[in-house]
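Trainee: Listed here are the chains, written in short residue letters.
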Amino acid sequence: MPIAYAHFPYLSSILFSCVAGLLIILFIPEDKKDAIKWVSAVCSGVTLLLSAYLFFAYDKTQGGLQFVEKYQWVPSLGISYYNGADGFGLPMLLLTGIVFFTGVLTMWELETRVKEFFALIFLLVSGVFGMFMSMDLFFIFIWFDVSLFPMYLLIAVWGSTRKEYAAMKLTLYLLAGSALVLPAIIYLVVKSGFHTFDLVALMHPGTFTPFQQKFAFILLYIGFGILAGVWPFHTWSPTGHVAAPTAVSMIHAGVLMKIGAFGVLRVGIFLCPEGWQYWAHLMALLAVIGIVYGVFVGLSQTDLKFVIGYSSVSHMGIVGLGLATVTVEGLNGAVFQMFAHGVMTALFFSSVGYIYDRTHTKSIVELGGLSRTMPVASGYLIVAALTGIGVPCLASFWAELTVFISSFKVYPLYGILAVCALVVSALFMLRVVQRTCYGPPKERFAHLEDVSFKLGIPRMILVSVIVIFGLFPDVMLNMIQTASIPFISGLP
Amino acid sequence: MTSTPISNWTVLMTAVTAVLPFVAFLLIMVFTRKNERLSAGLSIGAVSVSLAGALFLIIQYRHLTTSVQYAGKWLVSGFITIPVGFLLDPLSLLMLTIVTVICFLVQIYSLGYMAGDRGFSRYYAFMSLFAWAMISLTLSASLFQLYVFWELVGLSSYLLIGFWYEKFSASEAGKKAFVMTRLGDVAFMLGLLLVLMNLGNLDILKLNSPMVTAVMSPGLITLSALLIFGGVVGKSAQFPLLTWLPDAMEGPTPVSALLHSATMVAAGVFLFARLFPFFSHSATAMTVCLAVGTISMLLSSTMAMVSRDIKQVWAYSTISQLGYMIMGLAAGGYVAGVFHLTTHAGFKALLFLCSGVFIHQYETNDMFDIGRKGGRHLKTPMICMVIAAAALSGLPPFSGFFSKEMIMAQLAGLGNPIWLTAGLAGVFLTAYYAFRLIFIIVFPKEINDEAAQENSAVHGHEETEHHHDREMAWPLVILAAITVVLGFGKKMLQGFLSGRLAGVEEMAGHHSDWLLYVSVSLAVLGLVVTWMEFGRRKAGQIGFVERIPALKSLFLERWYIDRMYRRLLDVVIYRGVSNICTQNDNRVIDGSIDAVCDGTVKSGRMISDLHLSMIQYKLLVMFVAVFFLALYFFF
Amino acid sequence: MIVPYSHVIVLAGIVFLMGMFCAVTRRNLIMILLGLEIMLNSGAIAFIGAALRWQLLEGQAIAIFILAIAAAEVSVGLALIVCAYRRKGSVDPGAYN
Amino acid sequence: MMNWIIFSPEFYFLLVSTVFLCLSMMRRIKPEQLYFTALVLASVGVGVCLACVRLTGDLFSGTYRIDLFSQVFKVMLSMGLFLVVCLCTELEGIAKRHHPEFYFLLSACTLAMMMLVSSVHLLTVYVALELSSYSLYTLVFLRKGRDRGVDAGLKYFLIGASASALMLFGFALLYGSIHVAYLVEILKILPKVLNRPVVIIALILLLTGFFFKLAVFPFHFWAPDVYESAANQVTTYIATASKVAAIAILIRIVALAGDGSAYLVHMLVTLSIVTMTIGNLAAVVQKDFKRLLAYSSVAHAGYVLIGILSMSQAGYSSAIFYALSILMMKFTCFLVLVKVSDDGRNLDIEHLAGLHRRSPILAMALMMALFGLAGIPPTIGFTGKLLIFTAAMQKGYFMLVLIAMINVVISLYYYLLVVRAAYLLEPKEQLPELQVPGSIKVLAGLLIFGMVAGGIFPQYIIELSRTAAMTLM
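In order, the protein sequences belong to chains A, B, C and D. Counting along the first sequence from 1, when you hit position 348 you're at 348 in the working numbering, and nothing is skipped either side. Each number in the working numbering comes from the position in the second sequence (counting from 1) with 1000 added on. Each number in the working numbering comes from the position in the third sequence (counting from 1) with 2000 added on. Each number in the working numbering comes from the position in the fourth sequence (counting from 1) with 3000 added on.
In short, the hints are calculated from the structure, not lab data. Note that the Cβ used here is the ideal one computed from N, Cα and C, for glycine as well. Please note that a few of the clues may not be correct.
Derived pair list, reagent style DSSO-like, types lysine-lysine, alpha-carbon separation capped at 30 Å [unchecked claim]:
no.	chain 1	residue 1	chain 2	residue 2
1	A	Lys115	D	Lys3441
2	C	Lys2088	D	Lys3287
3	B	Lys1538	B	Lys1552
4	B	Lys1379	B	Lys1538
Examples of chain A residues toward chain B, derived with CB under 8 Å [what the hints assert, rightly or not]:
no.	residue
5	Tyr10
6	Ser12
7	Lys60
8	Met203
9	Tyr293
10	Phe404
11	Gly415
12	Val423
13	Arg431
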């Protein structure tokens, strides 16, 4: 029985364009590579436009869930197809649109097994979109897993360094996470006694006893947290990043890791607020260890992608710290950081990918002097590194600042540690930039060409997003606040 | 101290002043990287408009008695509100003027200095970025905003120091500068957070108002003041974070003139002055600041005594002069500190720009080389440099004399004579190293002089005509003029500044009679010693410090501070924590995961092998299992 | 009922265990088969005992079915063993791994 | 007066087996003709079963019941037969002269299983079970060359015979202690006497026969050898249709215990955990694809047991759903296997190398099936697991679900190894493109669609299995 809706189903259209892209690609012959790429670009562009439209069309004064679509799906189990967007979901949808589109454009030069690659990417991204918009636990889990398993092939087929090991490790690790999530979800659904997977219905306060919340939350936290790179479950991430091809790294670090954090937020925190408060201290501890640990390990890496991988661990630690504060500011900062970090790593990986494609090395020992031979490419790398350091007027600064302030308020010691990690983070990011871009130009890289305009488009988009949200952070924060303020004020 | 709303016209003017360089930066980065002339034009155009704006503002508000504030909201996130706004008061107006004037002059100068460099457009883009950040920093109404631009200033410093990125030392220096200032910034930020938690607000006016003591306990004030002072230490290269500044001289000389002497490093002192009332709530904090300033001043002066690198000497001198400013401020001399900041900006920029001419001409930083190659024949820069050096040494009637004398008076007003003694020792050292440099260049050793003179007379003159363009010359002249004149504007400036802080200043002044003579005579003594050692015809050009090897290496090695940091970094950070974390990642975390996986596979192999046994064993297992299942029931 | 049901059950159980023992210990395929037959027959005994206990013919009927099925089983089993013996020339279960 | 219409599926398959019995006595019949006949007959069989799906009634003095539960399983069984017959285009694993016997045994076995799912009396259960078992023993034996067929057949037979002996003794004990042999009546009495030792021993013993069918530890020892050594098509049949029947009868039997007793549940939980763990662990190191699938079947038996031991309507219906999903997923794996090893030999995982180029559709079908077996959405395998776990969670077996999920992760490893072989490895020498007939491509496409659709739109199947499970209670 459909529940009537009066508006165009925007959210489903986003999903639909992914699925349509997937199907169209499946029916294009393997050898028509350009056609496949164009279809991918158009379909991903549509998703970007739609998500951007939704981001700006969202009525912030009204808040809450908007663009809701709801159908009964399996009534006997209480499963419904229930999509909606709120202040937490919309930034993530926008992020996914951006990263997806730019990721597709970044892979424009791909020549091997093009069809399968883009088909899998579409599959993966439809999972990601679904995860961010779904309000039904059944579908959340489905989308969650759909976005994970294509990773295996994407890394193992098109990857590089130790790709099979990395792909296997990553897939098993992440699905081990989902092995905790599924029991927890079922547990909650069963214990609620509502016989429904409807997240909104389950969010009703008093549905779960404190014990149930604590119990389910820790499972959800670890399960989703593995994907978010929570220390000590992070080791899949650098290995995976290193092995993955560029676009996959972008989507993976840019979006997939956010799925983990978003899952903690959407399922864990929404359903088990008391469990959240109970475990918050542990979350903060792990997050801070992740922040500090990530930068220190990153400091001694020589592979560019390893460096970024560990910086991701550190940055996702900031997200975790924000979530652990149980404050409006913390939530704001965490979600903003998810967005900012997503765009930033996407930029990072796309520039590293470009450099790797040309120089065939990712080792910062071998690289050097790229600013002379490819100033634009290294420029992108530098911008990404600066964003990673948290330079003001680039998006992640505001996010980090907000998180630091709120964590300083709640956990002074952790706040101090996190702020101190900034110094090391600067040290290691700049070390990378210095070894890669600076120094005397090397003979063997002298003939390499710089980023052409066409290939530069995705990077330009990413840079401009970073700068725009760096200059006008309020656009994002206002959006997130529509969700975070009511949520926190509704806490018992 | 209420703030009065400003008229829209002023807001617009201030906004334009602040934002225009940023627009220039974006335009240059995005569009005009290929067109060098246009880039330079954009940048200089923007900065000249800012200069005009600054002059307009300072003239409009020359009789200002209360602060003028304009604030809007930039970011709201829960209880955190990050405002954007302008705070116009004498200090910010003064600083604004200094910044824009020197920016403008340096950018003009750079037209000549940077001509032909591959990164010309990039240079101007970064210069514009710096101008934007620095101007906005001076105008900030809240500490948040100030922090934001503080970081941005650090960023542009990083970019400009490492401008010649192909040199390893340059990029290394840039990194060092960024990381070391970051270290201070972290303290700064923690201080901010501490204040924010207790005060709920980071408005500068609020922070400076007396009500702070009502909200925060004295201990808290001291702690947060010291943390904020950490930022000052980092940015102004004070002890113990002072070693980045000499290295920062790897950047182009105009950059050193602008960022690393006149403006950016002075931002630390500016912050100190900005929060002067806040700091003065805590005597402990003030004493610590005083000690830090003094130590930095003395240490860097000694380092300057043995350096052969012309820019390094000025870098050390910058540190020591910043130390003076901090001493002045910490001693309670608000006007003294700010006044010294002003005069220092002028004469230090002049010193660097003059050195830049020499370096540009002779392509060496070594003062002995410059002397040998005939440095004294470049008349204009040489004269300007002598003027500036005299100002630096505190010789009358140049600007430095007046400001330094004010600081000394302030120090004399303190109970403990140790500060004054240190300050006076500093005066002697300053004169010594400043004129050591001058004499080495002006009176080079005879042996090479003839040939070099020939060489440069013929060769150099042509090039002088060629290189020594007007755009490089007249900023020098203007700055020299300012250096000469500025000292006499002391009263005016005092009046302008203390319109706001009238009460603070009155205690100083009555020591000045004897102090004046002591101070000047010490400077002259320094001059004479230098003359004996370097200037006169038979001089060996070996300083008295250099005769003691231990002392010489101590000073040359910067009191081993750098080495200590390096070791600390290598041993503790890289080989210690970082290594431990990496090993932990590989061995413990990954190792245990791999062990689990291996264990799974191994047990799988074992179980699989068990299935290969003879049929009767399987039957036996079946029966036994059934037996045990039944047995289980009875327990 | 002349013989108590419990006695029948004990008998059946003993026969069953004997069959089981035979199937597990004798290293000869035919003997294993024989052991299994004994186990089946113990089932039949138990059914008959049960039928007697409840005075129902159902159990008797089942016992007859069991005999038939056991015969089928023996035939299938022997066919398999003969086949196997032809190929390997051994009735030792250890030879068939 | 018996309503014989309701017996028509069984009749039909009796007819079919008679036809093949007759054919086996004739000489000179071409394999193609035989294949075609079998295909037609099997497809008609599916139709007959579908037509009879809503019928209900009792036969043979109430020892034989036609209800929705049995009819649903009959449809699955006939589908299983039909699908297996589809794979018999090149029946290379079995000597040409044995082809008619092969079809005969296949249809006879299907008939036996249909009877099994309808049986509601201990005797009929026993007879049907033995009939199906004997057919299967012989089918395994038919492997050409007999190198392995004999070994595996012997093992299968000996273990099967022991299990059935144990079961029979269990029947006898049960009958001896509660004097009824009709399942319906047992259902009424049994829950009350569940605490009696004899009854419990009887239950343990009688369950062994079904555990053997389903390959539950410790009665699973035949599975690896039989899977590996039987002809590919026979293995397919054992892995699909025979498993479905085993699940059906196990549900029927366990449902007798009503809400069960703590002890019974403990026993089943233990067996379930051990079964799936052993299956998954052993599968990790397998090189032979069929052997791997055998261990994976063992593991799935463990999962199914979770649904069954919940002893609730949700549990049984989830097991029914899972039976269907196993049928589809396992069959898809074997479809690929049979098509890739077109000469009837066994297939090592490495032989799948380069499949993604040799036949993209088969590779994709294989991948979907494996992910389905691993329980990854959006496949039917996931939905099945979700239902099972939900049922178990409703009973509060949280740890069981958690252990099962950990097992799922382990299983993912070896499924991924297969996917890796199909998608990543390149064959040592250049292999030609696989000649896959259009019909098989369509079949593979349908199976992919079915697996995904079953995962995303499970509504109808869930309703059906619920109603079917309802008839048991």
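Trainee: Does the nearest C-beta of chain B fall within a distance shorter than 8 Å of the C-beta of Ser12(A)?
Mentor: violated (32 Å)
Trainee: When the nearest CB of chain B is found for Phe404(A), is that gap smaller than 8 Å?
Mentor: Cβ of Phe404(A) sits 7 Å from chain B, so the hint holds.
Trainee: Are the Cα atoms of Lys2088(C) and Lys3287(D) separated by 30 Å or less?
Mentor: holds (27 Å)
Trainee: Next item in the hint list is Lys60(A). Is there a CB on chain B closer than 8 Å to its CB?
Mentor: violated (12 Å)
Trainee: Grab the minimum C-beta distance from Val423(A) to chain B and call the hint holds if it beats 8 Å, violated otherwise.
Mentor: holds (5 Å)
Trainee: Would you check the hint for Lys115(A) and Lys3441(D), treating anything up to 30 Å between C-alpha atoms as holding?
Mentor: At roughly 19 Å apart (the allowed maximum being 30 Å), Lys3441(D) and Lys115(A) satisfy the hint.
Trainee: Does Lys1538(B) sit within 30 Å of Lys1379(B), going by the straight-line distance between their CA atoms?
Mentor: Between Lys1379(B) and Lys1538(B) the Cα gap is close to 24 Å, so the pair holds against 30 Å.
Trainee: Would you check whether Tyr293(A) satisfies its interface hint, that is, whether its CB is within less than 8 Å of any CB in chain B?
Mentor: holds (5 Å)
Trainee: Does Met203(A) meet its interface restraint, that is, does its C-beta lie within less than 8 Å of any C-beta in chain B?
Mentor: violated (21 Å)
Trainee: Holds or violated: the hint that Gly415(A) contacts chain B, with Cβ atoms closer than 8 Å.
Mentor: With Cβ-Cβ at 7 Å, under 8 Å, it holds.
Trainee: Grab the minimum C-beta distance from Tyr10(A) to chain B and call the hint holds if it beats 8 Å, violated otherwise.
Mentor: violated (27 Å)
Trainee: Is the interface hint for Arg431(A) satisfied, with its Cβ closer than 8 Å to some Cβ of chain B?
Mentor: Arg431(A) check passes; min Cβ-Cβ to chain B is 7 Å, inside 8 Å.
In the structure shown, a violation is registered for the earlier hints numbered 5, 6, 7 and 8, in ascending order.
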